[in-house]
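Residues per chain are reported as follows:
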Amino acid sequence: QKEVEQDPGPLSVPEGAIVSLNCTYSNSAFQYFMWYRQYSRKGPELLMYTYSSGNKEDGRFTAQVDKSSKYISLFIRDSQPSDSATYLCAMSGNQGGKLIFGQGTELSVKP
Amino acid sequence: DSGVTQTPKHLITATGQRVTLRCSPRSGDLSVYWYQQSLDQGLQFLIQYYNGEERAKGNILERFSAQQFPDLHSELNLSSLELGDSALYFCASSVDGSTNEKLFFGSGTQLSVL
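Same order as they appear, the protein sequences are chains A and B.
Heads up: the first sequence is residues 1 to 111, going by my numbering.
Heads up: the second sequence is residues 1 to 114, going by my numbering.
You may find that some hints are simply not true.
[Said to hold, decoys possible] If we take Cβ atoms under 8 Å as the criterion, some of the chain B residues that face chain A in the derived model are:
no.	residue
1	S2
2	F45
3	G52
4	A56
5	F105
6	S107
Hints in this document: simulated from the structure, not taken from any laboratory.
Idealized CB from N, CA, C, for every residue including glycine.
Model the full assembly from the supplied sequences, consistent with the hints where possible.
Written out as structure tokens, the structure reads:
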């Protein structure tokens with residue numbers, strides 16, 4: 001079993017929809033949770049960063065962490081075609097600086 | 001632009017060969033990470049360096065090696081290449097390699113082994 005599980009999709013939604021992406025994990029030592037966005041053939045770019053449990057909002061994006069359930073989510077409101085990309089969850093704990101990534105969910109937002 | 005530079009962008013080679021991938025971290029960053037991304041395995045951590053010293057090791061094969069030089073750029077050497085080594089290789093950097101740090105990724109090197 002992988003340390004971080006993420007449904008690879010693909011997920012297709014109409015423009016303006018609310019998108020929900022999520023990951024589950026097994027390592028209770030994880031404390032730092034991130035979401036990266038990766039456009040095709042490009043490097044991942046950091047989208048959201050949260051520490052421990054709770055919510056964080058940045059514009060149309062909201063990240064949620066539930067450590068008791070070992071479950072993290074990313075919500076995208078008013079989705080746009082430019083949001084079409086692969087979204088990777090990532091997390092780290094006490095293993096030095098290395099991040100453990102989920103498989104990534106491919107999202108397509110249709111005009 | 002993340003500020004992390006990787007060269008070359010594409011590399012095509014044959015089985016059994018050896019290649020070197022290069023990475024320049026963001027200005028001021030002391031820690032460099034190498035990741036391999038393939039369709040079936042996702043983004044896999046290979047190795048981390050901090051200020052020239054190896055700090056953490058992941059799923060890096062013995063045929064692969066890396067180093068970080070005094071000017072902080074890093075190289076990933078892949079030898080005795082196999083078809084299964086074909087993947088996107090990413091370099092990332094962070095300020096000091098702490099657990100809670102954000103990583104900034106380069107655009108990657110696409111390696112094709114034929």
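Unsatisfied constraints (hint numbers, rising): Hint 3 alone not satisfied by this model.
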